[in-house]
Structure formats: structure tokens, C-alpha cells
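Visitor: So you can see what is in the structure, the chains are spelled out below.
2 protein chains.
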Amino acid sequence: MKPKTNRRSSGCPISYGLDVFGDKWTLLIIREIMLNGKRTYSEFLQADEGIATNILISRLKQLENDAIVEKYRDPNNRRSFVYHLTQKGRDLAPIILEIVIWSGVYDYRPNAMREVLEKILRDRSGFEAKLRKG
Amino acid sequence: MKPKTNRRSSGCPISYGLDVFGDKWTLLIIREIMLNGKRTYSEFLQADEGIATNILISRLKQLENDAIVEKYRDPNNRRSFVYHLTQKGRDLAPIILEIVIWSGVYDYRPNAMREVLEKILRDRSGFEAKLRKG
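So the sequences go chain by chain: Y and X. Our numbering applies: residue 1 is where the first sequence begins, and numbers increase by one. Our numbering applies: residue 1 is where the second sequence begins, and numbers increase by one.
There could be a bad hint or two in this list.
Given that identical chains are not distinguished, each listed pair holds provided it fits within a single copy or across any two copies.
[What the hints assert, rightly or not] Below 20 Å or equal to it, Euclidean Cα-Cα: the simulated SDA-like pairs (lysine to any residue) are:
| id | residue 1 | residue 2 |
| --- | --- | --- |
| 1 | 24 | 65 |
| 2 | 38 | 113 |
| 3 | 24 | 55 |
| 4 | 130 | 114 |
| 5 | 133 | 36 |
| 6 | 130 | 101 |
| 7 | 24 | 61 |
| 8 | 61 | 106 |
| 9 | 130 | 56 |
Just so you know, the hints here were simulated from the structure itself, not pulled from any lab data.
Input sequences plus hints: build the corresponding full structure.
Guide: And the structure:
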């Protein structure tokens with residue numbers, strides 16, 4: 001596999017993780033699939049943060065290369081694709097949940113959303129298990 | 001506070017977290033301080049991944065703006081600074097630990113380091129508490 005960044009491979013597990021998903025847009029795509037049930041290119045484009053088409057295309061390609069997502073022909077529309085998280089992708093759930101918990105403490109913006117945080121606080125292990133199962 | 005990216009603020013806690021630390025180099029600097037006990041600009045420069053000086057300078061500035069790190073005059077060398085994690089920065093520990101655990105499952109590279117993973121598997125809550133205390 002060719003390196004995706006000019007960073008040297010150090011053997012560090014944090015560095016490895018960041019090579020795979022340590023990009024804002026990459027984790028937002030994973031969020032769209034994992035928490036918002038989005039499946040298609042055009043659904044990802046509608047995410048609130050306004051991802052650009054060229055970034056979305058490159059990140060989806062990279063997520064496929066890293067075996068975080070798998071792409072299938074949409075059975076309802078054979079010209080388009082649906083994306084699913086692999087087990088490797090679903091196993092990112094605890095990282096996502098910890099980010100939500102941390103932001104719940106430090107995000108003071110008036111429009112901060114708290115639905116996912118409340119689900120986690122109510123039943124973290126149940127919620128996490130559901131995300132990991134897909 | 002002015003936006004750091006061209007991403008729209010969506011109120012999503014994951015998006016908030018990624019705005020603050022969702023950059024490969026930013027989390028690597030946090031790793032250097034939290035897990036490797038590094039404190040100074042020149043120590044960060046020596047990290048195995050080979051961070052460039054311009055990136056290091058910009059990320060340290062951003063980490064200060066986001067109150068993840070605090071900068072003090074080095075008592076041993078008044079011309080230089082030492083960096084410490086704030087409570088907000090140390091509270092990123094569970095995210096870092098989940099990244100280490102995930103990479104421990106999926107990082108098959110022969111040089112993958114496993115010391116931190118083993119510490120976590122031996123006594124996660126003790127290790128996490130130590131990191132959070134600083």
C-alpha cells in the first residue's frame with residue numbers, strides 16, 4: 001500500500017489510526033453512515049458541513065482502500081452505489097462516542113446538538129453495541 | 001472565535017471535536033505531550049513522524065487558541081517555552097486510548113508498537129486516570 005501522507009511510518013498506533021481516519025472529512029463521512037444512516041454519495045453531499053464533491057470522492061476512495069467502507073450497487077438504482085461500514089469501520093464506534101462525550105463537556109456553542117450524547121449517557125454499552133453491529 | 005476551516009458549523013459534537021483536534025499533526029502533538037512526556041518545541045520536532053516546522057508552529061498556536069495546551073517560560077531556559085496540556089487537553093485521553101485499542105486490532109505492520117496498548121489492556125482505568133491527571 002502506498003503512503004497517503006508524507007509522514008514517516010513510526011509504528012505508533014495513534015499515528016496508524018490517524019493515517020486511516022485522521023482527517024476531518026473522513027470521520028464526518030463515517031459519522032454520516034454510522035449515526036445518521038446515510039448510504040449514498042448524494043446523501044453524503046447533503047451533510048450539514050457542506051463537503052465539496054472532490055473531497056467526498058477522494059475520501060470515499062480512501063475509505064474503500066482502507067477497508068473501512070464497502071461499496072455495493074444500489075438494488076433500487078443500478079446506476080448508483082450504496083456504502084456500508086465494514087467491521088473495521090464499525091469498530092470505530094468507541095472513538096466516535098468518546099469524541100461526542102468530550103464535545104459534550106467543552107462545546108458551549110448555542111446550537112450544540114445533544115441527542116447522541118444523551119443516548120450515550122443513558123446506555124453507552126447498548127448504544128455502542130448497536131453501532132458495532134451495524 | 002473565527003472559523004478555522006471552511007466547514008459550516010453544524011452543531012454536531014463530532015464536527016466540533018474535529019474542528020479542535022481533527023488534524024493528524026494536532027493529535028500527534030497531543031500524543032507527544034500526553035504519552036511521551038515531551039514539553040518543548042524542539043522535542044516535538046524530533047517526533048518519529050517528522051513534523052515540519054511551519055506545521056508545528058501553526059498547530060501549537062491553534063492548540064493554544066483552543067485551550068488544549070498552555071505555554072509557559074521554561075524555568076531552566078528563559079528564552080524558550082514549555083507546553084502543558086490543560087484539563088480540556090488531558091480529557092482527550094479516552095479518545096487517544098480508543099484509537100490505540102482500535103489500531104491494536106487492525107494495524108498489522110511488522111513495526112507496530114504495542115507498549116501503550118498493553119498498558120491499557122492491563123489497567124485501562126488506572127492508566128486513563130493518570131493521563132487525565134497529567
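Visitor: Taking the hints in turn, state whether each one holds.
Guide: Structure-based check of each hint:
1. 24 x 65: both (18 Å within a copy, 19 Å between copies)
2. 38 x 113: So residue 38 and residue 113 pass the 20 Å test inside one copy only (18 Å; across, 35 Å).
3. 24 x 55: both (11 Å within a copy, 17 Å between copies)
4. 130 x 114: within (19 Å within a copy, 28 Å between copies)
5. 133 x 36: Answer is within: at 15 Å inside a copy they meet the 20 Å cutoff, but 35 Å across does not.
6. 130 x 101: Answer is both; intra-copy 17 Å and inter-copy 19 Å each pass.
7. 24 x 61: both (15 Å within a copy, 19 Å between copies)
8. 61 x 106: This pair counts as between: shortest inter-copy Cα distance 19 Å, intra-copy 33 Å.
9. 130 x 56: Classified as neither; 26 Å inside a copy, 39 Å across copies.
Hint compliance for this structure: hint 9 alone is broken.
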